[in-house]
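All chains, full assembly: derive it from the sequences and hints.
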Amino acid sequence: MAPLLSRKRDLIYLLFFIIHIPVIIFVDTFPLYPAQLRPQFMLDLRNFYITTYHDRFFTSPPAWFMLYVWFELLYHLPLSVWAIGAILRDDPRLPIHLLVFATQTAITTSTCIADYMSWSSFSSNEKVELGKLYVPYMALSIFMGVDMYARLTSKLGRSLTTAEKKAI
304 MAPLLSRKRD LIYLLFFIIH IPVIIFVDTF PLYPAQLRPQ FMLDLRNFYI TTYHDRFFTS
364 PPAWFMLYVW FELLYHLPLS VWAIGAILRD DPRLPIHLLV FATQTAITTS TCIADYMSWS
424 SFSSNEKVEL GKLYVPYMAL SIFMGVDMYA RLTSKLGRSL TTAEKKAI
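In this text, residue positions in the sequence shown follow this note's numbering: the first is 304, and each later residue adds one.
For the record, the hints were derived by calculation from the structure and aren't laboratory data. A virtual CB, placed ideally from N, CA and C, is assigned to each residue, including glycine. Take the hints with a grain of salt, since some may be wrong.
To be verified - If you anchor each label on the Cβ, the simulated ranges turn out as follows: (1) Ser424 with Trp367: 17 to 25 Å; (2) Pro325 with Lys435: 15 to 23 Å; (3) Leu376 with Arg310: 22 to 30 Å; (4) Pro325 with Asp393: 21 to 29 Å; (5) Arg312 with Met345: 27 to 35 Å; (6) Glu432 with Met304: 39 to 47 Å; (7) Phe344 with Lys458: 39 to 47 Å; (8) Ile445 with Asp418: 15 to 23 Å; (9) Ala338 with His400: 47 to 55 Å; (10) Pro325 with Ile445: 22 to 30 Å; (11) Asn350 with Asp418: 33 to 41 Å.
Have a look at this one:
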């Protein structure tokens, strides 16, 4: 197992998942909380976000967006918790799990980007501001997906080469 400090990309992913967990709990899954269980700081955070970015996904979401909110709760949250430990212990299952995560994240985020780019009442500047949140998230997921695919290909390539040598 290589030390964590020598695995620079894994350090980036670790930081991402550490940040991602509170964002899921306090921002992304807000609509799933019953009104009486929403603490004031969550309301304040949501109001700040809406006032700053005018993100319609948070004010009048399309029907499909709630499916993405449920993905956050039922898939992203448990995977993020698991990924922190997996990164720390250099778990060999990490690449397959993060490849699936990255693919799902890239697809859902690109859907959101395509949708908000079509909002005719949004100015170009408002779209750019919203893009400052969505585009880096999509870029990281694509980077992660390519990285995990390369890791898996490398491991599988070595396994196939070894098996081929044994067959000869």
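*Broken hints, by number*: 9, 11
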